[in-house]
Amino acid sequence: MKYILIVSFAICITLSFLSTCCGQSKVYKEGGDFIIGGLVPLHLSSSNGKECGKLRGVESLRHVEAIVYAVSKINNDTNILDGFSLGYEIYDTCSSTVKTLENALSFLPPLRKIDDVIGVVGPQRSSSSIQATNLLGLYNISVVSYLSSSDELSDSDTYPYFLRTVPPDKFQVSAIVDILLRFNWTYTAFLYSDDTYGRNAEEAFQKQIMGNSICVAYVNGLPFPSVGNTSYFNSLRGTILNLIELKKNSLLSVVILYIHLEMAEDFFALARDEGIENDFIWIGSDGWGNYGVDILAGYESAALGAFTVAQISEPVPEFDAFFQNSSLSSSGNPWISEFSLNPGECQLNRTRCNFTNESNTLAFEALVIDSVQVIARGLDAMKNELCNDSAINFTSSCKEVLFANRRLLRDHLLNVTFNSSGNGLVAFTDNGDARGRYSIRYLNLTEDDGYRFYKVGSWSETDATGVLVIGEVVWHLKRNTSSRGSTYYDNNVPKSVCADPCGLLEIQISNFVDQCCWTCDSCEDNQIIVNNECVSCFNEHNRTYKWPDESHSNCKDLEYLKLKDEGGKIVILLLASLGLVADIIVTFLYIKNRNKRLIKASNRQLSCIVLIGIFLSYLSAIFYSTQPGSGTCVLRRIVPNIATTFIYVPLAMMTILLYRVFTSGRRTKMGPNFISPRTQVMMALTLSLIPLLWAIIWIIVEPPKVNIIEPSAERQFVETVCVDSTSHIVGQLFWDFGVLLMCCFFAFLARKLPDNFNQTRFIAFCVFSTLVVYIALAPAYFTSRQAIQQDLYIGIGAVIQSTVVLTVIFGVRIYAIYVVSEEDQGVVTTVATQDAPPNTTSSKETDRSESTQPGASSKKQAMSNISHA
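The sequence shown finishes on residue 969 if you use the working numbering, and the numbering steps up by one all the way, no holes.
Honestly, the hints are just simulated from the structure, not real lab data.
Cβ atoms here follow ideal geometry from the backbone N, Cα and C, with glycine treated the same way.
Check each hint, because a few of them may be wrong.
Said to hold, decoys possible - Label pairs and their computed distance ranges (CB to CB):
1. Lys-129 / Thr-258: 27 to 37 angstroms
2. Arg-212 / Val-501: 13 to 23 angstroms
3. Ala-527 / Leu-281: 26 to 36 angstroms
4. Arg-552 / Gly-432: 26 to 36 angstroms
Using the sequences provided together with the hints, build the complete structure.
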């Protein structure tokens with residue numbers, strides 16, 4: 101320790117010599133038993149950091165006078181240091197560490213005539229406090245700062261003689277982080293001054309955002325300003341351009357500015373020059389947020405909408421009155437003349453100056469007053485402890501004891517507690533820090549379109565964390581459209597994120613480089629989102645189906661689609677059932693009246709095959725209206741093919757037979773071959789084997805099976821369907837169309853047959869109707885994506901074709917047998933041409949007329965075969 105004092109003393113002598121040769125600093129002082137030193141920045145630093153630059157705002161002058169006011173008030177208080185007086189000795193640090201060290205030398209005992217400095221108030225900046233504390237601590241002189249907030253100064257082992265009436269930066273950083281969390285700003289930029297103040301804050305910020313889903317898109321330390329330093333301005337300009345580029349490629353909106361006053365002035369000036377206006381939300385630290393809107397004069401629009409976090413310090417009305425009533429003539433303040441020359445302040449020939457704080461700058465006089473009070477109260481407690489011995493009275497001996505034990509003063513300072521005149525309870529932690537309390541201010545427009553910082557909230561330290569309270573905020577950020585087309589920033593809270601939030605059916609695919617950036621991947625309609633993963637509601641093991649709820653967070657049970665749930669299939673089932681009953685009744689009546697002339701003339705054997713086909717067609721409609729099963733799917737493959745063949749092959753053969761009989765009679769007296777009933781039946785059954793073999797082949801190639809159709813957004817139910825081959829369906833349709841076209845062709849050729857044998861016109865009507873149904877339903881079937889609709893189309897087609905044939909071919913004849921008299925049945929069962937006379941000839945007359953024509957005998961023989969069929 102001895103050697104340290106020797107070295108430090110040598111350094112102090114050298115620095116003192118340098119300071120003496122380089123010019124004396126101005127000092128504002130008043131004598132007393134105990135001197136309280138003051139290190140207050142009234143000027144900004146010069147380009148080289150060794151001289152004073154331009155004058156700061158009037159708030160710095162008020163800080164000087166706050167020391168004077170506090171000393172005067174204590175001297176007039178008999179409860180504190182009764183019998184002793186306090187004095188002050190105040191220097192201008194010029195916002196420079198060099199000037200701070202230079203002026204701090206004045207407080208060292210070896211350089212003073214009398215060792216009377218008991219403590220020092222200030223400096224304001226953390227970097228200056230570090231240097232001053234290191235120097236003054238060598239002589240056990242305590243430093244109580246009113247604004248230095250660097251976390252580094254919380255290390256009581258390194259800085260045992262430092263205390264402060266403001267909280268450390270870690271709490272200020274906590275307040276900034278809570279603001280980000282309050283508005284859900286997860287993507288931000290952090291710009292800081294490249295010194296102790298900024299670097300410690302950046303380190304604390306990185307630690308506190310861990311686990312809070314906050315990412316820093318851009319971090320940059322800005323060098324300290326110096327006049328004419330092009331690298332400094334290039335660094336600021338490059339930083340601003342980087343921010344503009346980041347905003348183009350993301351939804352970055354929030355930028356934290358943890359910098360000093362001079363840097364903030366230059367930064368916003370360059371930001372205005374680059375066209376930044378309402379593009380970012382700035383969150384400022386106390387380094388520049390403490391000084392009101394005046395520092396932004398001329399470029400307020402670039403900073404509009406900025407938040408600032410500053411220590412809470414309420415105005416002290418009693419000090420305001422003291423300051424306004426100060427007389428220039430009796431004041432020893434050496435800087436009054438400089439402030440007096442500022443326009444709008446005061447004139448030297450006036451006795452009072454209007455130095456009121458109307459510049460929207462926070463009033464930190466209460467913190468300065470508290471710092472003086474802490475030293476005085478701590479000294480008073482130390483005096484009461486060390487000077488209670490009767491041998492030591494309130495004389496010079498007590499004063500000597502106090503100075504001799506100056507190292508003990510810090511312990512008494514840590515135990516000081518009192519109610520501040522403006523800031524509530526003043527108390528310290530074990531490392532000399534004040535409790536965390538901050539005011540949240542917001543730069544907004546005034547009624548006359550000016551600019552002003554308004555208090556919108558506060559932050560207070562608690563045992564576990566902090567409590568943030570923020571009121572209504574009027575946002576000024578520009579409307580911004582992201583790359584995905586989402587528009588934000590009307591009157592709602594602005595967003596500051598790397599990417600748009602994913603939609604309801606989307607999961608976030610994180611960027612491994614930056615956890616706050618992501619892309620969105622869509623889930624399927626039948627999936628839910630669990631822990632940011634798409635999970636299907638379909639269990640492949642037990643084949644159970646569920647469907648997501650509206651939030652896509654849970655799967656809800658679904659029922660299999662049953663017949664009762666399908667109104668269309670129920671209608672088809674009812675119609676097909678009625679058709680079966682009607683077909684059975686018609687068949688019964690045909691058999692019962694098989695010897696009637698109308699029945700015998702309709703080729704009874706082929707008609708029976710047609711009735712069987714109609715029966716099978718109705719059955720196929722029923723098969724397509726019931727729940728699919730393994731047996732049902734096989735029947736769906738076979739029955740419709742055979743039904744269509746059984747209907748239209750016999751009808752085609754009837755048409756061909758009539759056409760051949762009447763055309764052959766005109767050419768020869770011999771009747772046509774292969775017209776016997778047995779031959780006709782054999783041919784019809786043989787042709788029916790073709791679709792049957794086609795169905796059997798495809799059953800072997802692609803066996804029918806029951807498949808389950810998973811639910812979809814449009815179909816929130818489970819459906820079972822028969823899997824059919826498209827090739828089989830197309831082949832079947834080609835066969836059906838072939839048979840129908842053959843019927844149409846021969847029906848057209850037989851259109852001029854005698855009225856009594858013009859059954860071909862009824863057949864043609866049936867065939868044309870069926871073709872219309874096929875042409876209408878086939879495209880709908882192949883374009884439908886739902887199996888239930890395809891089944892409906894097939895069922896509708898089967899019911900329509902069966903009903904048309906049953907009604908036109910057989911219903912008319914049954915009607916004629918039971919309703920029309922036998923003499924008029926020839927009229928009912930024929931369709932007269934437009935050239936026919938009003939009175940249609942009877943069948944007997946037709947027979948007599950035909951007997952006189954060539955080939956009449958062959959025709960009669962053929963017709964006889966037909967009638968007996």
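Hint check results:
Remark: the range hint 27 to 37 angstroms for Lys-129 to Thr-258 is upheld by a beta-carbon distance near 30 angstroms. For Arg-212 paired with Val-501, a C-beta distance near 19 angstroms keeps the hint of 13 to 23 angstroms intact. For Ala-527 and Leu-281, the hinted distance range of 26 to 36 angstroms is satisfied, since their beta carbons lie about 28 angstroms from each other. Between Arg-552 and Gly-432 the Cβ separation comes to about 35 angstroms, which falls inside the hinted range of 26 to 36 angstroms.
Hint compliance for this structure: every hint is met.
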